[in-house]
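The chain contents come next:
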Amino acid sequence: MQEKIEKILEEARERIHEAKELKELDEVRVAILGKKGKITEIFKAMSSLSKEEKKQIGPAANKARNEIEKRISQRLAELKERAKEIQFEKETIDVTEPGKKFSLGVKHPITQTIEEISQIFMSMGYSIAEGPQVETVFNAFDALNSPKNHPSRDLTDTFYINENICLRPHTSSVQIRTLQSQKPPIKVISPGRCFRCDTPDATHSPMFHQVEGLIVDEGITMADLKGTLDTMAKRLFGAATKTKFRPHHFPFTEPSAEMDVSCFKCGGKGCNVCKGSGWLEILGCGMVHPKVLEVGGIDTEKYTGFAFGMGVERIAMLKYGVDDIRLFYENDMRFIDQFK
Amino acid sequence: MLVPVEWLKDYVSVDVDTREFVDRMIMSGSNVETVEHFGTGMDKVVVGYVVKKEKHPDADRLSVCSVDIGEEAPIQIVCGALNVEAGQKVPVALHNSRIPGPLHGQPKQEGGVKITKGKLRGVESMGMICAASELGFDEKVVPVAHKDGIWVLPEDAPVGAPIEQAMGLVSDVVDFEITPNRPDCLSMVGMAREAAATFGSQLSYPDSAAKAAGDRKAADFISVEIKDQEACKRYSARVVTDVKIGPSPWWMQKRLMYAGMRPINNIVDITNFVMLEYGQPLHAFDIRQIEGGKIVVERAADGEKFTTLDGTERELTSDMLLIKDAVKGVAIAGVMGGLNSEIEPDTSTILIESANFDADSIRLTSKALKLRTEASARYEKGIDPNLCEEAANRVCRLIELLGAGTVQPGAVDVYPAPVQPWTVDVRTARINKLLGIDLSAAEMKSIFESLEMKVAGDEKTMKVTPPTVRLDMVGEVDFAEEVARMYGYDKLPVTLPKGSNTSSLGEAESLRRLVRSTLCAMGANEIQTYSFVSPRDADKVRLDDGTWETNYVRLINPLGEEQSVMRTILMPEMLETLGRNSARGVESVRAYEIGTTFSADLFDEEALPDEEDAISIGMYGADNDFFTLKGMVTELLGQLGIRRIRFIPEKEYGVFHPGRCARIVIPTKDEERRVLERPEPAKDGASHDELQEDYDVIKGLLGAMNSLSHNGSVELGIMGEVHPDVAEAYGIDGRCCACELFFDVIARMAQTKVKYKPLPKYPSTSRDIALLVDEAVQVGDIESVIRQSGGGILEDVTLFDIYRGRQIEEGKKSVAFTLVYRAEDKTLTDEDVAAVHEKMLQVLKDRFHAALREM
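These protein sequences, in sequence, are chains A and B.
All residue numbers for the first sequence refer to the working numbering, where the first residue is 1 and numbers rise by one.
All residue numbers for the second sequence refer to the working numbering, where the first residue is 1001 and numbers rise by one.
Mixed in with the good hints there might be a few duds.
With a cut-off of at most 27 Å between alpha-carbon atoms, the simulated BS3-like pairs for lysine-lysine come out as follows [said to hold, decoys possible]:
id	chain 1	residue 1	chain 2	residue 2
1	A	K291	B	K1445
2	A	K269	B	K1491
3	B	K1498	A	K183
4	A	K302	B	K1460
5	B	K1433	A	K291
6	A	K291	B	K1460
7	A	K291	B	K1454
Calculated from the structure, these hints are not laboratory results.
My request is simple: use the sequences and hints to build the entire structure.
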C-alpha cells in the first residue's frame, strides 16, 4: 500500500510537471484526485485495512493528496501565467498605427474673437446687450448726435432700406436702445454685425463686426476709460502691451480718442504689421456726449459715461495674421480648420 | 489737408524736426495720414540750358538737344517732349543719376528710377530732360504750360546747380486728417493755430493790410444783392483794376503744388493761395462780363443751363444757388465759376468774390451736379462768415505785393446778420471731474488762451469766448476736450471705474453658445456668411415667389444686385459654402451657421423688419447622410431640452429631395401653442381702428407661417437631402444634406434647466421583436404605436435593425426593436411583462398588418 502511494505520488509529480495545458493538468487532477482517481481509490481501499494499517496508510495518503493538490494549484498558476503571456504576445498591436479620428468642429474665428473680447469685459462686470441689425436712422445717427450732413450718412457710406431705416453702420445704436431702456448704472457691451457701403477688397468688407461698449454711472472719468481699455488690451494682446490714446472726433463722444496698442509682433520696434510705426490702431472711444445721454433721459449733471467701439475683423486679422478680410466670409474649411 | 511745413512756418515758429512736429500734432489732436518728403530721392539732377535743338535723324517725335549743364562743354540729350525748345532752362538728370519718378506714363516705383546714358534710335543721350511729374510732383498739380512735357524752369535758374537747391524743392508736406468737426483746420492759419497751441508759440496772421491805392471805389463798379439770405450769409466784393495776367512767382506756384493745387495764372493762384491760407474760397470774375454792374445771389431756375469753367454744360435746379449779373448766371455759388466770366489773358479789371454760402445748400448742389471742388469741399463743412473780409483783403494785398493790379478802395460787403462771438460757461470742477484730473482754473485758462479763446469769469466758472472760426465750440464738453488734448491724453491718469461688477450673457447669447458648442462637438465647423444676398437665390433653391422666404427687405443702395436683399433664410449661403468647398476639393464638410434672418413688414413700410435668428447645418462627403444630420439635429435639440420632436415627411419643399425631406415639429397642446407663437411687438398707444384688427390677424398669420405647422404642432425647422438640381446649381459634387432651424422658436421652447430623476431601484427586462411590414409603413409610426401601448411599464424602445433582402418578400421590410420594460415600484415578473407585450403585439399586427418574426 505504502509503495502504491509512493508510486502514485511519483507519477503525479511527473505528470503535473509535464502538463503543458490547463486541460492536461485537469486530466491529471481527475486521474489522481477525481471520483475514480488513484488516490481516491486508495482511500476507498482503506476500509478493508486493519486498524494498524489504517493508522499507517491514512496519514500517508492524506499527505500525498495534499502534496498533489498543492502541486496542481502551483502548476495551474504557472500555466495561467504562461497562457496570458502567450495571449499578450498574440494581441500585441502596432501602437504607431493612427488613432481613431474624433474631429470636433471649430467656431468661426470672428465668433472666437468676439467671445474672447466679451469674456474680458464680462469679467469686468459688463453684460451683453443686443439690438437689431436693421435700425432706424434715428438710432443709428440722430440720437448719436451725428450732424445731418455727416458724410457717414451718405448713400455711398450707409445702406438704406428707406429714408428712415438703414443697416446699422455701427453697433453704437445699441447704446441708444440701452440708454432708453435702462437706468444707470449701465455697463454693457454689444457685439454684432454692421454694414457699410465698402466694395470688398483685402481690407474692406461691406459687412463686419463690432464690439461696442458703454458705461454710465456717477463719477465715471476719462481716466477710467483709459484704465478699462488698457486692461482690455493687456488681456487681449498680452501683458506687455502698451496703449496710446490720441485725440480724435466722433459725434457721439466728447472728448473722443483713438486707442493704439504697441505692435504685438515687434513689441513697438516697427515691423511690417505696424508699418514701421510700432503702433496699431485698434479702437475709437470717448466720454459719452451729453446729447446722447439726454436721448435716454439721463441726468447729465449727475451721470457721466464712456463708450468705445472696436472692429472685430481688424483685431482678428492682427491677432491671427490674416491678410485678407474676405477670407472670413469665404468659409473655406481649410481656413476655418486652422482656428482650432 | 496738405500742409507744407515750410509754408506753415510763415505763421508760427516751430523749432523741431518734422518727425517730432508730426508726433506732437497727433497727440494734440491733428491726426496725420502721411508725410511726403519733396525734393528727396533726387541725385545728380541739375539745371540745364538748352543751347540747341535739332530733329532726330531717325525719329520724328524725338529731338536731339545740346544742353549746357555748367560743365566745360554742353552734353547731348535726346528728348521726346514736344515742348522742348532752345533757350529753355530745364531739369537734367545726368548719367547715373536718380529721380523720384515715375517715368512719364509708367507706374510709380519704390525708391525712384535710375537714369543712365544710352542710345535712343542710334543717337547717344547723356541723360534725360525731366518733366515736373518725374521729379515728385503729382501730374494733377503740374502747371498747365508744361503738364504734357518737360518742366520749363524760370529764366533765372542757375545753370549747373542741383535742381532741388536751385528751385528750393526740399520740403516736407504733412497730410493732416481733418475731422468733420474742425473745418477751421482746412486752412494754413487754422493748422498754425493748432501748432501754436501745441508748441506754445505765437500765431502771426498773414499780411492783409492792402494799400488800396486806386482812385475809385469798389461800389462805383458793382452792386450786390442777396435774394436768398438763408443760403448766402455774406457776399463781399472787391475790385482790382489794371490787372496784368501772367504766371505767379515760383514761390507761390511751388506752395500751391505742394498743397495739391495746379498753378494757373497770378490772379487765380492768389485766390487759391488765400483759400488755402484762410479756408475761405474766393473767386475772381472778369468784370467785363458782369452785365449791368450788378451781382445777384439767387436760386437758379429749374432746368436752367449753365456752363462751368471746366467747359461742361450743366442743368441746374431751383435748389441750387446761382451768382448772376443783371441778365445771366456767372457762377454756381460756392462750387465753380462760369466759363462766361473766367479770367482771360487780357483781363484788366476783376471782381474778387469772398462770400459765405450755406453748407447744406452747397453740399446738395455739389452732390446733385457730381462736381466737387476745393471750394465746395470747404463750404459744405461750414465756414465762419467773418472770414470773408479778411480773406478778400489778403487777396488784394497779395495782388499789390506781386504787382498784379491796382486795388480799388472799399468793398461792397452785404452781411445782413453778422455772426457775433458767443460765450460758454465752463466749470473748472466739472472739467476735472469728467477727465479725472485736478487742474487749476489758471491752467485751463492758459490752454484756452493758447487757442485764441478769450477767458473771463472766475475760478469756479470761466466764461470762454472762442474765435468765431471755431464753429465746433458749443457746449462745456467741447471745452473739456480742448483741455484734455492740450494737457495731453497721455498724462491723464489710468484708473478703473468703481461700482457693480455683475454681468450677464443674456438668454439668447447663452443659447447660441450652447448651440455652437454642441454642433462643434459633433464635428461641425461654424461659418459666417453675408447678411445680404441675391433675390435670385430663391430661384436657385427652387422656392416659389410669394412664399415667406421671398418676403425680402430690399436695400435701396446695394453694392450690386447680388447683394440687394436681406436674407430670409440661411440655406442659400450654406449651399454656396458647400459648393465653394466642393469646388476647391475639400472632400468632406460638416458646417453650421447661426445668423439673423430678416423679413419685411408687409403692412407697415416704416416699421423695422422682423429679425429672427436661424441655424443652418450643411454637410457632404463620407458619413454625412440624412441620418447623420437627423442624429445631429436630434442631439442638438436634446441638448436644448427639446426631446419630443417628430420628423414628418415633406414632399413639396423645393430645396430638398422629395423622398428625403422632413419637417421637424414638436406637438404642443393648444395652450402651449399660444404662448409659443411669436410675441407681437409692443405697439405704442396708437389709434386702434377697425382695420387694426384685420391687420393683427393677418400679421399674426404671416408670422405663424414661419413658425407654426399644422395639426397642433410647432415647426422647428426643415431638413433633408438637397435636391439634385439645387446641388448642381451650387456646384456641389455628389449628395449633400442640409437643414434650417428656427432658432428663435427653439429658444422659446428650450428647457436647459436640468432636473434630477432618481435612478431605478428595480431591474428592467427586455424583449426583442421583429415585424414584417410593407415598405411604406414608417418606422416612426411603429415606434409611436409601441410607445402608446406601453402599459406604463415600457421604459425605452430602440430600433436596432431594418432588414430587406433574402427571406423577405419583395416590397416588405423587417423592422426590429428592443423594448425595455421596468416598473418603478417592483421587480416585473414574466407574467407582468407578457400581459403588456402580447397586447402590444396584437395592436401592431392589427395596425400595420405586421407579421411577427421569430427572434
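> Any hints this thing doesn't respect? Which numbers, in order?
Replying inline: Nothing - there is no hint that the structure violates, so all of them hold.
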